[in-house]
Each structure stands twice: as structure tokens, then as C-alpha cells.
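Chain L is fixed; fit chain G onto it per the hints.
Residue numbers (the numbering used here), protein chains in the order written: chain L, 1 to 255; chain G, 1001 to 1218.
Incorrect hints may have been included.
[Claimed, not checked] The list that follows gives simulated cross-link-like pairs (lysine-lysine, DSBU-like), each with its CA atoms no further than 35 Å apart:
hint, chain 1, residue 1, chain 2, residue 2
1, L, K87, G, K1143
2, G, K1143, G, K1176
3, G, K1045, L, K83
4, G, K1211, L, K124
5, G, K1208, L, K87
6, G, K1043, L, K121
7, G, K1045, L, K124
8, G, K1043, L, K225
9, L, K143, G, K1211
10, L, K88, G, K1143
11, L, K92, G, K1143
12, L, K92, G, K1211
13, G, K1158, L, K88
14, L, K137, G, K1043
Calculated directly from the structure, the hints in this document are not laboratory data.
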Amino acid sequence: MAKEILSLRNVEKSFGDTMVLKDISLEVTQGEVVSIIGSSGGGKSTLLRCATLLETFERGYLAYEDIVVAQPGPDGRAVYADKATLKKARSKFGLVFQNFNLFPHRTVLQNVMDAPVRVQKIDKEEARAMALELLAKFGLAGKEDMVPNELSGGQLQRVAIARALCTKPDILFFDEPTSALDPELTQDVLRIIRDLAEEHMTMVIVTHEMTFARDVSDRVIFMDKGVIVEEGTPEQVIDHPRHERTRAFLRKIYD
Amino acid sequence: MQMMSVVLPDLGAGFVLSLEIFVVTLLGALPLGIVIALARMSKFKPLSLVARVYISFMRGTPLMLQLMALMFGPYYLLGVNMGSGWKFGACAIGFILNYAAYFAEIYRSGIQSIPVGHYEAAEVLGYSRAQTFFYIVLPQVIKRILPAMGNEVITLVKDTSLAFVLGIAEMFTEAKALAASFVSMIPYVIAAAIYWIFTLVVEFILNKTEKKLDYYHD
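Next comes chain L alone, as it looks inside the complex:
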């Protein structure tokens, strides 16, 4: 059986009085590609933000392999691990944002190689070689010394993916990676994610691109109003949805 990279169990999260994640469980095994679909406000992004420690949840369990990030305490509320453990957990995943969040004052190459050097203390030359290789692979050779504002949106997102990969994560999260892009630039980015899927990179992708989700995913999750309504292979969830909420959502997308 494949190794379990991410385990999220019975997660509950509220903003004020509104519960945005209701008893969510998600396990991702090595090499698996999971897409999360659903309408805005359904909790997809919040789930990703909880998994990447940008948000904390009130109840539930979260672990990256054997690193337990949060688990229920005696009163049932989630208790987070100490700083050192969280740091270790952070080295396990990467996150690609909808709006890239590259550092505008640093060159493309610096954006990609800085975290490995500064955070992971990897040898500078080694990190540079790794960064250059990733950039070349993503069709960005020759752009190393440019700054982000000289690149197109599609190129920016490819740099952001390279940056996330340069820290050698075990799992990569994408938060609507093409939502901020013009339609003609979307394909560039999707192609890269497809390539990564073929290399069996473990990925969790929040997306509105149904065709892409169907092609690339091993598993599709449909979320609505803070719960996982339906989950299964792309054929099951996208082509033959069983639940009315899933059908309604897909109808809206395809119209």
C-alpha cells in the first residue's frame, strides 16, 4: 500500500459563528493527484489553508506522514504541535497561490532558490543548479535574472510552481492556480501540472477547470457548504455525479 502523505481527519473550522469546514476528512497517498471542486465559499480554499498551516482549525487531526501537526486534546479541541514540529511539517509541503505571491524585489532565480538556501541551508551552488533546472524545465530558461513584473501571468505562475518545488516538498497544494490568468495563459500552467502528475508528484488541486480535473486527477472531491458531498474517480464525480448538489454545480459550470 502506498504511503500516506497527508492525513486530515474530522476537521472543523469556523469563522465567527459560521462553520466553514464541517467534519472534513482527507487522506492523500504518495503519488496521488486529488482535485477539489465546488462553488466559491464552499470551503475549498479554507481546507487548503488549514492543511498548509495558514489557518488553524478548532477540531480535528492533521499529520504529514509521521509528523502530527494537530490532534484532539482532552476537551476535544485541536491542540497544535510545538514550533519545531510545525517547521518540520512545513518542509513537507509546498503551496502555489492563485495570485502567485512572488517576491517582486527579487529576480526569478532568487525567488526560486532563496528558500532552499536560507531556510533549508542547502549549499548555494546546489540550490542554484536545482533552480535553473526547474526553470528550464518549465520553459523559463533565459528569464532567471528578470524580476516578476517583467513576466506574464502564466510565466509568473510557472515561477511560483518552480519556487514551491525547489524546496523538494512531498506534496504540492494548488489554490486555483489558473484563476488569475487569461484563458490563453491557463494552458501553459495546466500543462506543467499535468507533467508533474505524470511524474507522480503528490498533489492536491483546488480548481474550476473541469476538463483538466477530469484528465489529471486520480480522485475528485466535490465540496459544498463546508462538507465533502461526493468523492471518487473523475468518472464517478464529474461524469456520473450521484448527488443533486454535484449535478447542479456541474450544470452551472458547463452552461
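Below, chain G without anything else, positioned relative to chain L:
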């Protein structure tokens, strides 16, 4: 001509003192301003409140009064005689404390303008809070606040003349004394010209820096 041979060296000596006040103030207030800005933005409410009150007081009372209070406070309040050299200490401390308050608010405006996404990206990549501040946030802040900082720095050039009230022989003090002894406007005119040239140099340096940081846009 005979007047000039007295006026120029005296104003020159005064200018050196003005320049010293200027440099010492910047060396002290630029870093202190960051500390105050961070305190002001702290989630720890009492600290934030202290910083708020500090900034309000420093901006809300005259620098001249603050200088006098520092100069004579030790004696009036504690009966301590600080000696004749104290006026320079009072002057440096007064300028640094006052300017740091203004700088703090400029830093704050810059820090708060950095998109939250940059902090989040840094966090996910594993940067510590200090690394995030010094490598990601501060370099961007410097570019954003440069015009506002420029204003303050140019104001400081001229504010150095307030050291006059402490009897420090900076350029304005010298100009006033010379004007009185020669019964002439000339020392004032020359002093004004030197202040102006000083600010032109500061402007030149600011422009250069701005150009240097122009390699990227947000």
C-alpha cells in the same frame, strides 16, 4: 572682504556641527523608528498603546520644547547637574526621539502596504518571522517609503537650526551672531545658501537611491 574672512570660517564651523546633528539623528532615528513602528503594530495591546501615545506626544509637542525639557529636566526634576557637555547629549537624544516618531509612522505605512500574500508565501516556504521581515518585507518597504522619508530628511536639514535654543554653535547660531556683529544680512544670506545646497545634495542622493530601486515594480 574683511567680513567674509570671518563669516565663512565661522559659518563653516557651524555647518560641521549642523551636519553632525543631521547624521547622528539619522543614525539613531532610522533604526529606532522601525522598533517603534513594530511596537505600534504589535498584537500585544499595552505595547501598541505605549507606542501610540509616544508617537502622539512626540508629534504633538514642539521639538524646541522637547529639547529644552531634555536640557534642563535633569536639573529641575532630579537636581542633577549634567555638566556643560550635556547640551550635545540633550540635542542628540531630543532629535532622535522626535524624528523616530515620524519615521515610525512612515515605516508603518510602508509595512502595512505589503500584501498579506507575501507573508503567507514566506510562511509556507518556512521563513522565520525575522527572515520574512528583513529579506521580504523591509526591502520592499524601503522603496515604498522613500518619497515620504525624503520629505522628513529634508525637513531635518533645516530643523538642525533648532539646536540654537540649547546654545549649540551650529550654523544658524553662528549666522545670527555674525549678522549682529557686522550689522549685515550677508551671514543670513550665505547660511540660507548653504542650507539650500545641503538639501540639494540630499535630494540628489534620494533621487539616485530611487533610481537604483527602480529595477522592479509591484
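Verification of the supplied hints:
no., hint, verdict
1, K87(L) to K1143(G), "31 Å, holds"
2, K1143(G) to K1176(G), "39 Å, violated"
3, K1045(G) to K83(L), "23 Å, holds"
4, K1211(G) to K124(L), "29 Å, holds"
5, K1208(G) to K87(L), "40 Å, violated"
6, K1043(G) to K121(L), "31 Å, holds"
7, K1045(G) to K124(L), "41 Å, violated"
8, K1043(G) to K225(L), "32 Å, holds"
9, K143(L) to K1211(G), "22 Å, holds"
10, K88(L) to K1143(G), "34 Å, holds"
11, K92(L) to K1143(G), "34 Å, holds"
12, K92(L) to K1211(G), "40 Å, violated"
13, K1158(G) to K88(L), "53 Å, violated"
14, K137(L) to K1043(G), "43 Å, violated"
In summary, the numbered hints that this structure violates are 2, 5, 7, 12, 13, 14.
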